[in-house]
Amino acid sequence: MIPVTHMLVFSMILFGIGVTGVLIRRNALIMLMSLELMMNAANINLIVFARQLDSLAGQVFAIFVMCVAASEVAIGLAIIAALFKNKETVQIDYLNDLKG
Amino acid sequence: MFMKLIWLIPLMPFLGSFINGIVGRKKFSKSTVSAVANGTVLISFILMILAVYQLAGLPVEARNVNIKLFDWINVGHAHLSNGLLGVLNIAWEFKLDPLSAVMGLVVTGVGFVIHIYSIGYMWDDEYGYARYFSYLNLFMGSMLMLVLGGNYLLMFIGWEGVGLCSYLLIGYYFDKKFCADAGKKAFITNRIGDLGFVIGLLFIFVAFGSLNFDQVASRIAEVYQAGFNFAGWHLSGVTLFNVIGVALFVGATGKSAQIPLYVWLPDAMAGPTPVSALIHAATMVTSGLYMIARTSGIYSGAPVALMVVGLIGAATAFFAATIGMAQNDIKKVLAYSTVSQLGYMFMGMAAAAYWAGIFHVMTHAFFKGCLFLGSGSIIHAMHHAYHKTHNHDKDPQDMRNMGGLRRIMPKTYWTFLAATLAISGIPLFSGFFSKDEILWKTAEQAIVYGHKIYWLYWALGAVAAGITAFYMFRLVFLTFFGEFKGTDEEKKALHESPGTMTWPLIILGTLSVIGGYLGFPHLLGKYLGHIPNVLEKWLEPAMIHPHLTHAVQHASEGVEFLFMFISIAIAVAGIFVAWLFYMKKPELPAKFTAMFHGAWETVYHKYYVDEVYDAVFITGMKNFGYLLWAFDVWVLDGIVNGARNFTIIISEASRLYDEWIVDGLVNIVGKTVEGIGYMFRKIQTGYVQTYAFMMVAGFILLISYYIFR
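These protein sequence lines are chains A and B, in that order.
Numbering of the first sequence is given in our numbering, commencing with residue 1 and proceeding in unit increments.
Numbering of the second sequence is given in our numbering, commencing with residue 101 and proceeding in unit increments.
Mixed in with the good hints, there may be bad ones.
With a Cα cut of at most 27 Å, we get these calculated DSSO-like pairs of lysine-lysine [as the list claims (entries may be wrong)]:
| hint | chain 1 | residue 1 | chain 2 | residue 2 |
| --- | --- | --- | --- | --- |
| 1 | B | Lys626 | B | Lys637 |
| 2 | B | Lys782 | A | Lys87 |
| 3 | A | Lys99 | B | Lys771 |
Bear in mind the hints are in silico, worked out from the structure with no lab data behind them.
For reference, chain B alone in the conformation it holds in the complex (with noise of 0.2 Å):
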């Protein structure tokens, strides 16, 4: 029963942020807000349990429960390669399968668990608390589309609506400049992306015939056998995969903030930190991964798109971490980790391990969830501290201003730590097993079927997890560790967060601690006392391995141990230089970047990419945009100006015709009347004797003719 309701799921925060935006900004108390914001989403969250918790009670091939409200596009058609017909049939569809299952439960928990912290967060704010909420409900009304709904479009209009919410959210402080233009930064990024999704969408539909995700998938096999045919070219089956799965990983390399597209994230810290937790770690940037996972079957007939995936994943991991070395603004270190394990998420897909990426979305959106909130409670405490001491200049977020907070905050602090042991793949901890899952998968596509490319992959994955468990601690030790160092004055206003914030942390730290149990690896499971792996069989009837290129074959248990070794012994790595740089040897890092200057300053300026794509785009497209301008001035304007100097020189001569010719002779007439009665009235003098004179004139004159005639 409650499988046909997930419809609502979406809709109840849609109409929170309704009720917020258009009642609640003028009329409610900020409780209210709260209520109408928090309380839709936790109905989300428990239809989803609840919905959920039935789709597990169905058999397994059952596990695929589509709802159809209403018919919404039924236009157009396109010639499938079979001779078929396909018609473009949207509906609003909803479908609950496993995929959409975990994602949903993801997107309603660890959303409903930030909207509470939002409260405390924001109690304070004096832009807008119903504004927020309003924004943060249609986020979550979005974001539930994007998962929930049945087919590529619903999954573009919930795609697009969250792309959305993320400029609006950016934007919050819309008065303050650099918050404005992160957003606007956002969006135009994204929409670079958007594009290779629409293409990729199209090429789906003239070669699928369908949007429906059952129905695209039921035809894969199909496809790919006999190619597309269209507008006079065809493409065998292998390269229409490949152009698929390019195209829409460009829209995936927008959302999800891969590299050539990163750029976006890291500015989107400009945002309230609860967004960032939610949006730009947690959800929304995992999008790309759900639509990788959703196209799993054209995805699998597609070795160079998973080429290009994987390519661009290791790569973003690794360069994302180096950079995230050399921040000091927390949140920055954040978000540039957010982007280097969306890299490693993309690397799982690229293994066609799509359940490890998923793994790694769910417990990442746990740990970096964590740690988002666990920076906003620490900025929270800083900008009071700040607050109260009459210290505007003073940037909240610098790490090199904290230090010791470990015993100021002990919740934040344990609940911190929990989720950086997490993302540093200590073993124990959720992210050990999906980042490991991932990497052996790469290793295993290497191993197993000799795609050598595979190791580089997994070398840059692996440096990667050990400047990952490095940046992490050192972001550890500099803000909890060693002593404060701020003034005495700003050390006693520093207190604990309220019980709103706290208890979202210590909820996602248990689960970051927790949720890695979940996808427990087989190897130790067999070992341990037969321990199943929940999340991969639970998966496992909604990723669509056709198989179309090769067998699944495993590499030996001992090869998967070493890496697995491998692994930890780099996570242990990564922290003992981190512990000798900041805990044993403070000078040392000084003397380190003082010895590596160049290497140190790129990274520091982050590459400088900002600053390339900023002569080289940007520029470029100002001064195109002046080319238009200047056409536009001198060419359009010219044209049309020319237009009207012409009009008015046809129309000053239409004048003087008129004024000289054709008035003219009409003057003429008149003038030549006139003349003449001027002349005949001389006549009338008004003298009765000399009209009588005329008179006797004109008679003798008259007798005279007849008389000498």
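With the rest of the complex left out, here is chain A (with noise of 0.2 Å):
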């Protein structure tokens, strides 16, 4: 039985990749991927606390997130779409327009 702990580091490991790659990545692209990395370390939180309570509440929600990554995905993409069309690019470094 591999304990609670390492679950947890494995997720928290997982989301630092994720919060890295949306930081540092320069590709609209990249960034999304990585977006969907910290979701699914979140997921395996949910799923690691619903197994350790026995509670089905935590499963649900993570059907839930996978929903809302689903859509997510939908409209970033559509975004990027749309970013492309007008700038022909998705390097993110180009794309100050509300610079102060």
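Starting from the two chains in their separate frames, assemble the complex, guided by the hints.
As structure tokens, then:
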């Protein structure tokens, strides 16, 4: 039986990779993928605690999160497609029109 | 019935003036203008004759017709000495009594004749034929208003109106500077006199409580007794009457050209000659006499005022006559002669012989009107002669260029001679009767009543009579006798004037011969088959003699004959001297002037009166005006400019406060916000990842805080 601590550390590492990807990658698509990583890390946490606490609520939440992630990807990809149409790039350093 | 229509008499000429002035100037032909101007005056003349005819039909005491049209001014009040309240109640009212009848007949009659004369004289005029007749009609209306007005204020309106017309007509040739100047001189000089006149009117109102002639006359005895209380000071009746008399006489010196205000009349000759005849000889200048005769009730109780009138009149008669001796301009001689004759009239007034003064006004209107028109006829001929020979530099009024006109202009000559004999005081001509009456009444004052100063007046008047005869015959000899002093060409161009000019001359010439028989002296009348003195009897009811000072007495007949003889002798002597100087021995005048060079120069330059006035009054006024100007520029403008500069400085300070303090505060707030914003906008990089990093960092910090606290 794999202890809970391992699983939580695993999800933390996964979350850290996701955060790092969002913060340092310049490609909007990769950033979107990193976001998925962060959400999966959260899902793992939810599942882990659902099993540990013997409750179905966590598992239901994980299903919800997956739904949200799916719709988020749909919207995110649409935005990126529109961005590319306008700017002909998805490199995030060129997208600073809101600079003060 | 016609007496009810006397208000139409002044109105008609006003109407003519209006029509000619408004419409006629542009639309009418010269004939239409003449018809309108002469027609209206003729209607006035006919109305006047009819009204006077009816007036004469009334019994003597009823010969005082007052026509009131409507109330005009009804304000103010005066506390009279008898405790009653006088209300200033001025109406448009007209008065026909023997005095205004005589004056009205003279004005309309002589005026009409001169209107006719003007047609011929002004026909070739290029200055504005309609304008001339419009002014002339305006004058007739004003003069008739003066004469027929029923109170002092209407009289004053007429008085000012004739002054205005005098100004307009003197300056008729307005583009010639000396004409315009002469007009201004007449107007301003008259204005000085008018001040006295107005003061007199104010005194009359506060003392009598009315300006109506009849009301003033009815209260004379009362006011004379009670004297005058006003604003805390008291005047006795005599003093009051003297003050009124002198004040009104100041007005008369202006209008009737007496010392010291006579200077305008000689200059007034710049106007057209018919104007000189009508306004500056026959009518307007006699308005002062009319005023005194109308105020006779007050003057009879004012011995000092009468003395002043007499002194001024006698002095004017004498000085003006002496100036007349040395003038070469034909109109200037007549002008000074007019001033001199007006002095005579005032002498008559001063002797309380008001009717004699008015008598001389009438005869003077005839003979002086005739003389002026005659001189106009001569000037007209001379002007045309010079015009034809293209000699525009010669003065057509200079007597030294004339001579021998007797044969060329017989009608002018005979009428002129008749008028000259009349003015010189030759028996059987009109001037003799009136002038002799005045001199005799003056002497009578000295003989009967013992007023010694009247001897002086008589002496000045008698000498002036001799001088008058001298200069008038000098004029006649120089112009009509001897040889023509111009070229033969000019002589050929000379001609008698047209009928419109000679007929007036004949009418006035005839009148100046026979006009005197209206006032035939009692003395001669008694011995020559009871010829009555029509005029004195006629004027008697209009003259108020309350006899406040003395009872009427008469000197003996022998003395009167003696004085009459003296008058005739002086006149004949004057004519003889003129004949000697200018006919018998023409070299004498030159010798004479050489002998008395200084005196002659003084007289020739009119005693330098104009120069003295110029130096004393005009320069004085100019300097005073300069002073006022300087005050205006330096003090008043200084104050105004100071206020302006002060305001500018204040507003500048206000501007600086506004810009630096108020705006500064607002700007500091704005700059602060701007600066802070400048600082903080650096945070907004626009990079999503920066924001995400910030968020993550904050999150980590927050978590760390909860974990490690």
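Item to complete: Quickly compare the C-alpha distance for B:Lys782 and A:Lys87 to 27 Å and report which way the hint goes.
Response: holds, 24 Å
Discussion item. Next pair to validate is A:Lys99 with B:Lys771; report whether the Cα-Cα distance is within 27 Å.
Written reply: holds, 22 Å
Discussion item. Check the hint pairing B:Lys626 with B:Lys637 against an upper bound of 27 Å on the C-alpha distance.
Written reply: Holds, at roughly 15 Å.
The structure meets every hint from the earlier list without exception.
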